[in-house]
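Assemble the complex: chain A is given as a structure, and chain B must be docked to it using the hints.
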Amino acid sequence: MRITEGNLFAGMRLVLPEHRAAVTRWQADVRRQPPPALAEDVWQEMAYTWAAAEAQQRSLRVRLYTPEGEEVWEGLPESRGGELWLRTAEGRRRLDRGRVTGMEAGAVSIARTREFPVP
Amino acid sequence: MQSFYASCEVASDPRFALQRREDDDHTDPPLVVSGDPARRTGVILAATPTAKLLGVENAMRLGEALRLAPHLLVVRPRMRLYLEVSVRIQHLIQRQFPLQEQFSVDEAFFAFPWPSRLFPDPVAAARQLKQAIWDVFRIRCRVGLAPNKWLAKVANKQAKRVPGGIVWWPPEQALAALHQLPLEAMWGLRRRAEILRYEFGCDTVGDVAALPAHQLRARFGPAWGTVIHRWAHGEDPSPMEPDSFQAPHKSYSHRTTLPRDYRERAEVAVVILELLDEVCTRVRRAGVRGRRVSLGLTYERLQGGFWRSKTLAHATDDAQQLYPELLSLLDRWWDGSGVRAVCVGLDVLLPAEGVQLGLFDDAVRRQRLARVVDEVREVYGETSLMRAVSLLPAGQLRDRTQKIGGHYA
Chain A
1 MRITEGNLFA GMRLVLPEHR AAVTRWQADV RRQPPPALAE DVWQEMAYTW
51 AAAEAQQRSL RVRLYTPEGE EVWEGLPESR GGELWLRTAE GRRRLDRGRV
101 TGMEAGAVSI ARTREFPVP
Chain B
1001 MQSFYASCEV ASDPRFALQR REDDDHTDPP LVVSGDPARR TGVILAATPT
1051 AKLLGVENAM RLGEALRLAP HLLVVRPRMR LYLEVSVRIQ HLIQRQFPLQ
1101 EQFSVDEAFF AFPWPSRLFP DPVAAARQLK QAIWDVFRIR CRVGLAPNKW
1151 LAKVANKQAK RVPGGIVWWP PEQALAALHQ LPLEAMWGLR RRAEILRYEF
1201 GCDTVGDVAA LPAHQLRARF GPAWGTVIHR WAHGEDPSPM EPDSFQAPHK
1251 SYSHRTTLPR DYRERAEVAV VILELLDEVC TRVRRAGVRG RRVSLGLTYE
1301 RLQGGFWRSK TLAHATDDAQ QLYPELLSLL DRWWDGSGVR AVCVGLDVLL
1351 PAEGVQLGLF DDAVRRQRLA RVVDEVREVY GETSLMRAVS LLPAGQLRDR
1401 TQKIGGHYA
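As they're listed, the protein sequences go chains A and B.
Each step along the first sequence adds one to the number in our numbering, with nothing skipped, and position 20 is 20.
Every position in the second sequence, counted from 1, becomes a number in our numbering once 1000 is added.
Hints may be right or wrong, so weigh each one.
With a straight-line cut-off of 20 Å between C-alpha atoms, the simulated EDC-like cross-links for lysine to aspartate or glutamate are [unchecked claim]:
#1 1149/B - 1023/B
#2 1130/B - 1024/B
#3 1052/B - 1025/B
#4 1149/B - 5/A
#5 1250/B - 18/A
#6 1157/B - 1023/B
#7 1403/B - 18/A
#8 1250/B - 5/A
#9 1149/B - 1107/B
#10 1157/B - 1203/B
#11 1310/B - 1325/B
#12 1160/B - 1107/B
Derived by calculation from the structure, the hints in this document are not laboratory data.
In isolation and in its complexed conformation, chain A is listed as follows:
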């Protein structure tokens, strides 16, 4: 970088590798979200959405919690022996109910979001 252009201070900065690693670690920790707590009626609505999609063989988008952010699976719902499965493009995947944060059926989303918490 020419010192007559751009951020002169970025060019003059010396960063210890350990310092950079500490910043990266901190940012990853800060981004970690706690697991959401869903209200009972949200669970009931999701159960209805699941049942309806399974009966009509319609695809569902399921949002799942991870500490680093949300993960989305999409596929055909299946209930087997009390377990919930999604038949996705990557194969059949078992849903961990404790990680589910929302479901969408078609164009309508009834999932709980952080912006509109269930009272």
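Below, chain B without anything else, positioned relative to chain A:
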């Protein structure tokens, strides 16, 4: 931050908690952080204001500091602590001022629109930040407010001298405030300040501003001449780049200060090889290779030395290819003076793709070996696999693995 390493030490010691006040530097104990308290030749890394009042200065030898202030509290550095505190302070700054750019362990730039309804009073906003840092960390800071980053840096230095520790240079007053300062207040000049004083007869920043730009460019080169001219007129186009701290490296380097002056070529060569291994490990981990290798030596009393580079035909991350180049730089530029610090660098980085084959060596096998060594060290530590030369008296690897930035972790 004020005397950051020393402040972290006093802030984390419950003995001093009740006596310390934000508005009174002298409520801090006379404490210094020294490279190695066991050795009186160790150097002062940081000193509290109270210690500085007793005549102690940064970079002073510990023995001399203890002669000036026999009751000085001396502690070993805890680099890991300082880095963790730094990260959290920067996060606090960012939460109050999202446009924030970390500059070093203890400095940051932040910016906000002014005048604006959100920040009608810049000084009050800065005071709130200072208070927040004190409330959470018990560390004092100084704030310089100005229309651009360089002016803010200069204003920050002046903030150390005023009660309250905040200096604000509004746009219409910034130049007048700048021009009356001694030219040594121009941050970033280093030895160029001496040239401006003794060759151009400048005393103040205003004197530098009166120099024609072409004269500055003729003496300092087109780049630095332009920069000095801009700075003297209070100009700095450096943008705020919050993500620049985490931007990909443009170069990788390692430097070490030696415990004594090394006078034998064989000794210096051992240190060069150890530093090169570390640079190559980091470069491989980043998935890049470098075409230009550099060697820097600093001579005894940390004065004099050289920094020279060699550009290779192909980018590499292989210490075996780079080491002979470094030795040839050493043989060509070292004048035989005692060596007190060594630095090895690799830049002109390119993505690591493929392997440059040679007719007489097995580059693929060497690369595989290097990666295995990297993996073993990642899991079991840097000293789990060492070159035999690191066991020689000249070797610094075992000592350096206990340190961060050359100081105890």
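To see whether the hints hold, each was checked on the structure:
Using a Cα cut-off of 20 Å, the hinted pair residue 1149/B and residue 1023/B is violated, with the two alpha carbons roughly 26 Å apart. About 14 Å separates the Cα atoms of residue 1130/B and residue 1024/B, which keeps this hinted pair within 20 Å; it holds. Between the alpha carbons of residue 1052/B and residue 1025/B the distance comes to roughly 11 Å, so the proposed pair stays at or under 20 Å and holds. Restraint check for residue 1149/B and residue 5/A: the C-alpha separation of about 14 Å stays at or below 20 Å, so the hint holds.
This hinted pair checks out: residue 1250/B and residue 18/A have alpha carbons roughly 17 Å apart, not beyond 20 Å. Distance hint between residue 1157/B and residue 1023/B is fulfilled; the C-alpha atoms sit about 18 Å from each other, no more than 20 Å. Of the pairs offered as hints, the one joining residue 1403/B and residue 18/A holds, with about 10 Å between alpha carbons and a cut-off of 20 Å not exceeded. For the proposed pair residue 1250/B and residue 5/A, the alpha carbon gap of about 16 Å is at most 20 Å, so the pair holds.
Taken as a hint, the residue 1149/B and residue 1107/B pair is honoured in the structure, with Cα atoms around 12 Å apart against an allowance of 20 Å. A distance of roughly 18 Å separates the Cα atoms of residue 1157/B and residue 1203/B; the hinted pair therefore holds under the 20 Å criterion. For the hint pairing residue 1310/B with residue 1325/B, the CA-to-CA distance comes to about 7 Å; that is within 20 Å, so the pair holds. For the hint pairing residue 1160/B with residue 1107/B, the CA-to-CA distance comes to about 14 Å; that is within 20 Å, so the pair holds.
The structure fails to meet hint 1 from the earlier list, while all remaining hints are met.
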